[in-house]
Amino acid sequence: MDELLELLKDINPDVDYETEDQLIDGKVFDSFSIITLISNISETFDIELGPQYLIPENFNSAKAMWAMIQHIQEDE
Amino acid sequence: MHSFKKILRTTLLFLLIIAFISVGFMELYFRSERDYFQDGSERAALAGTLDTLFLGASHAYRAFDPTVIDPILGTHSYNLSGALMSMRSRLLLLQEEVSRNPVKTVVLEVSFNTMSRVRRKEGIEGDLYTMSRIDSFSDRVGFFFDFYYNEWPDVYYKFVSEGVNVLISKLKGQFVQNKGDRKYGFVPTGPGSYEFTDDYQSIYRSRWNTVSDSIDEENADCLDQITALCKEKDIELILVTTPISKEFLCSSGDFDIPYRWYSQYAQAHGLRFYDLNLYKGIETLFPDDEMFFDTLHLNTEGAERFSQLFAELEQRMRSGEDISDQFYDSYEALAETWGLQ
Amino acid sequence: MSILSVAFLLFAAGLIIVYYLVPKKAQWFVLLAASMFFYCFGGWRSVGFVVATALVSWASALGIQKKTDAQKAYLKEHKAELDKAQKDAYKAQMKRSRSRLLTLCLFFCFALLVFFKYTRFLLAQFGAEQSAFGIRADDAIRLLLPLGISFYTFQTVGYVVDVYWGKVQAERNPLKVLLFTSFFPQITQGPISTWSELSCQLFAEHSLDYTNYVRGAERLIWGFFKKMVVANIVAGYVKDVFANYPQYAGLTALAGAFCYSVQIYADFSGYMDIMCGLCQMLGIRLTENFDRPYFSKSVAEYWRRWHSSLGAWFKTYIYYPIAVSKWNQRLGKWAKQRLGKAFGDYLPATLALVLVWFTTGLWHGASWAYIAWGGVNGLFIIVSMWMERPFAKVKNLLHINESAWLWRAFQVLRTFILVTFIKVLPEVGTLRQGLGLWKRIFTEHTIPTSLGRLLPFATDHAAFFAAVFGVLLMLVVSLLQRKGSVRELLERRVPYILRLLLFAALFFMIVYFGVPASGGIGGFLYAQF
Chain A
1 MDELLELLKD
11 INPDVDYETE
21 DQLIDGKVFD
31 SFSIITLISN
41 ISETFDIELG
51 PQYLIPENFN
61 SAKAMWAMIQ
71 HIQEDE
Chain B
1 MHSFKKILRT
11 TLLFLLIIAF
21 ISVGFMELYF
31 RSERDYFQDG
41 SERAALAGTL
51 DTLFLGASHA
61 YRAFDPTVID
71 PILGTHSYNL
81 SGALMSMRSR
91 LLLLQEEVSR
101 NPVKTVVLEV
111 SFNTMSRVRR
121 KEGIEGDLYT
131 MSRIDSFSDR
141 VGFFFDFYYN
151 EWPDVYYKFV
161 SEGVNVLISK
171 LKGQFVQNKG
181 DRKYGFVPTG
191 PGSYEFTDDY
201 QSIYRSRWNT
211 VSDSIDEENA
221 DCLDQITALC
231 KEKDIELILV
241 TTPISKEFLC
251 SSGDFDIPYR
261 WYSQYAQAHG
271 LRFYDLNLYK
281 GIETLFPDDE
291 MFFDTLHLNT
301 EGAERFSQLF
311 AELEQRMRSG
321 EDISDQFYDS
331 YEALAETWGL
341 Q
Chain C
1 MSILSVAFLL
11 FAAGLIIVYY
21 LVPKKAQWFV
31 LLAASMFFYC
41 FGGWRSVGFV
51 VATALVSWAS
61 ALGIQKKTDA
71 QKAYLKEHKA
81 ELDKAQKDAY
91 KAQMKRSRSR
101 LLTLCLFFCF
111 ALLVFFKYTR
121 FLLAQFGAEQ
131 SAFGIRADDA
141 IRLLLPLGIS
151 FYTFQTVGYV
161 VDVYWGKVQA
171 ERNPLKVLLF
181 TSFFPQITQG
191 PISTWSELSC
201 QLFAEHSLDY
211 TNYVRGAERL
221 IWGFFKKMVV
231 ANIVAGYVKD
241 VFANYPQYAG
251 LTALAGAFCY
261 SVQIYADFSG
271 YMDIMCGLCQ
281 MLGIRLTENF
291 DRPYFSKSVA
301 EYWRRWHSSL
311 GAWFKTYIYY
321 PIAVSKWNQR
331 LGKWAKQRLG
341 KAFGDYLPAT
351 LALVLVWFTT
361 GLWHGASWAY
371 IAWGGVNGLF
381 IIVSMWMERP
391 FAKVKNLLHI
401 NESAWLWRAF
411 QVLRTFILVT
421 FIKVLPEVGT
431 LRQGLGLWKR
441 IFTEHTIPTS
451 LGRLLPFATD
461 HAAFFAAVFG
471 VLLMLVVSLL
481 QRKGSVRELL
491 ERRVPYILRL
501 LLFAALFFMI
511 VYFGVPASGG
521 IGGFLYAQF
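Residue numbers (my numbering), protein chains in the order written: chain A, 1 to 76; chain B, 1 to 341; chain C, 1 to 529.
Some clues are possibly wrong.
[Unchecked claim] Straight line, CA to CA, 25 Å or less: simulated SDA-like cross-link-like pairs of lysine to any residue:
1. K158/B with L15/B
2. K280/B with Q326/B
3. K172/B with H461/C
4. K5/B with N212/C
5. K170/B with K176/C
6. K67/C with S196/C
7. K393/C with G26/A
8. K176/C with H206/C
9. K158/B with V6/C
10. K76/C with E6/A
11. K5/B with I17/C
Rather than coming from a laboratory, the hints here were simulated on the basis of the structure.
Model the full structure from these sequences, guided by the hints.
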């Protein structure tokens with residue numbers, strides 16, 4: 001989880017990722033930040049983020065992202 | 001099921017409102033008699049006085065002038081004809097007038113395509129004129145549903161939009177009834193500007209046959225009904241073909257086909273029939289460029305002269321004179337006199 | 001079947017009646033029969049293509065699904081025995097096998113699309129003469145052009161890709177896939193739906209519901225009004241300006257361009273209203289395509305609100321896959337090292353956008369004018385993306401209040417003008433003609449001395465006033481929609497009988513103004529896709 005938080009802070013350090021849950025819907029991340037984030041996540045956690053995971057629900061909060069990452073890792 | 005009842009109620013109510021307003025607009029148009037062919041109230045006012053009726057399509061509409069014919073024959077006539085009027089419409093209007101007038105004579109105009117024209121192919125225009133003239137609401141409703149199913153939207157649009165137009169013009173204070181120069185149903189065309197040719201030779205050489213020999217069943221049926229109605233009411237039915245331009249006669253053919261058919265029909269039913277195109281000397285009396293509006297219709301002056309000629313011929317025939325020698329007995333014979341090859 | 005016909009109204013009425021009479025389980029089958037009837041109505045010759053696409057997609061999706069299921073089962077069974085390397089090798093092998101199937105399916109579907117839509121364009125690019133290919137063959141292609149091929153190909157391909165990605169389960173019943181592919185409300189002009197959005201609507205059981213019925217009918221009538229009264233009257237003006245702009249004043253040409261914006265919105269969204277309304281009467285919720293797009297504050301936002309289902313399709317199936325693909329990410333990293341952080345961030349997205357807009361342009365039409373149009377749109381979006389951060393700094397410096405209504409009004413107006421100019425480019429005729437219209441607007445400076453001279457095409461005054469009234473009505477409705485559903489508002493505020501009369505009035509406006517306007521122009525603009 002800490003690695004994830006670090007990645008997020010890298011993109012936008014001003015957000016409190018513990019509480020923020022409108023990262024996508026609230027437009028905290030713009031579209032290419034998302035793309036950068038996705039590539040960083042897939043590289044850091046060595047998982048394949050197939051397009052089926054690219055839905056707002058999975059990225060709206062750090063918690064959601066972490067759950068998604070774990071889910072993918074388990075599947076593999 | 002509660003939903004179903006509410007849906008049904010709303011749908012029916014909506015359709016009812018649409019129908020009601022539609023009829024309102026249409027009636028506004030019909031009763032306004034804005035257009036020159038809408039003569040319903042004039043005919044209603046003349047009810048009980050008419051003893052002669054002229055019944056045909058546009059050839060007759062523009063040819064028989066009651067104000068010229070009546071003084072000569074001592075009749076009270078009305079020209080019931082209309083543009084593109086089908087045989088069925090002729091029967092309908094005849095039935096209406098016969099039921100409220102002491103009619104003694106009916107002159108039915110028959111031309112080269114009266115019996116062969118197919119209503120379904122020709123479209124709604126003629127019947128639109130007829131419907132605009134019907135002066136009873138229930139008759140109008142009946143007539144509307146007599147159109148072919150696929151024509152209903154067009155007829156609906158036509159009369160609703162005309163109703164809206166009448167309403168708009170009334171609201172603007174610009175509503176005007178255009179009676180044209182209508183005289184007892186007859187409407188003159190005006191002088192016309194068709195450029196007639198006199199090179200009949202080359203026209204004749206390049207002529208093609210436009211005359212069909214197939215009789216449409218509905219037309220034949222309506223003719224039978226007209227004949228029967230006249231017989232029943234003791235009305236003399238006369239079949240007459242009005243003059244058409246020499247240019248048209250030369251460019252088309254074979255007019256003997258309908259001519260023979262009408263002759264046989266008339267003979268079989270004991271009716272008088274004569275074709276003014278075969279009247280000897282008609283070309284000199286009615287030169288194309290002076291007397292015709294276009295190749296098929298007489299102009300104003302032509303109508304006056306024709307009405308006069310018609311009345312005079314009728315007078316002579318009614319007094320017992322046999323004038324058959326004043327007519328050629330076929331179009332073939334007529335063509336021979338032209339000297340064309 | 002033309003939507004603007006009594007035949008369609010009878011078809012819709014018949015469908016509604018039969019739909020609610022049959023057992024609920026059979027309702028989707030009625031929709032399938034209706035869709036096939038609708039498709040074949042204009043000519044049955046090309047129905048084979050849509051059926052073929054549906055069947056190939058059904059089979060491919062099922063095949064992919066089987067492999068996915070087999071993989072899951074195998075891995076579960078042999079979880080303990082295999083090590084990671086073996087698992088990875090197996091997964092890679094299965095993935096290759098699934099990819100092959102997907103590729104075959106995509107190839108088939110897109111080959112048909114390219115053949116029908118782009119043959120002439122491609123041949124022209126390679127210098128081949130039409131006559132060499134055979135004029136008759138060209139005519140045959142046009143004659144056979146399957147209705148809605150651009151729409152149903154994309155929609156169906158989306159389904160197969162969703163199965164490949166594991167987003168949805170493949171459907172076993174080929175007839176259901178056929179319905180999804182050929183569903184008649186969407187076939188001529190979209191919207192393009194995903195399987196998860198649409199299948200739950202299509203295959204659910206629907207009972208008669210008064211609110212859905214009435215609101216659907218209201219929307220249907222409103223759609224006809226927009227299409228027949230506003231769009232078709234204004235279409236005449238647009239046609240006139242596009243043909244005669246070299247003789248018109250610049251302001252007249254500009255008016256013509258704005259008329260085009262009005263026309264295409266009223267036309268396209270009117271069609272959507274008719275179909276969404278009809279679907280609502282059937283209890284089906286169709287994907288929306290428009291969200292008052294002319295109120296957008298930027299070109300990027302505009303494309304999220306105009307024909308949004310197409311934008312969503314491109315985003316899901318082209319933009320994201322390209323943007324997050326490995327090679328693109330590697331390129332981004334390389335760019336970050338060599339060219340700086342900005343390039344690193346934006347380059348992958350930019351490349352993806354270029355591809356998206358190239359294909360979007362091409363999808364709209366097989367010509368350079370449309371590709372240019374796509375390119376211009378793409379350029380605006382890419383530039384605004386790159387400029388977003390610098391612009392934010394500038395706005396801060398100038399103390400521009402983003403939420404002030406004046407600023408927002410400026411943004412909306414600016415976007416509307418921009419979008420109008422872009423839109424009009426490929427519609428005048430060739431690219432050269434489109435540029436000619438632009439040139440005319442900017443270089444011809446005479447000021448027309450009267451309204452009549454400004455709008456020489458508005459010869460029928462009654463129709464003109466009807467169109468203006470229609471546009472104002474649309475504007476009012478749009479403004480009201482910001483607060484909520486207008487139909488709901490009508491239900492609360494307007495008495496029942498008055499509501500009936502209101503829609504009756506719309507009906508008569510449609511008859512009196514819409515019918516004559518639709519005689520010559522007719523058909524919907526997007527229908528040639």
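Just pull the numbers of the violated hints for me, sorted ascending.
-> 5 and 10
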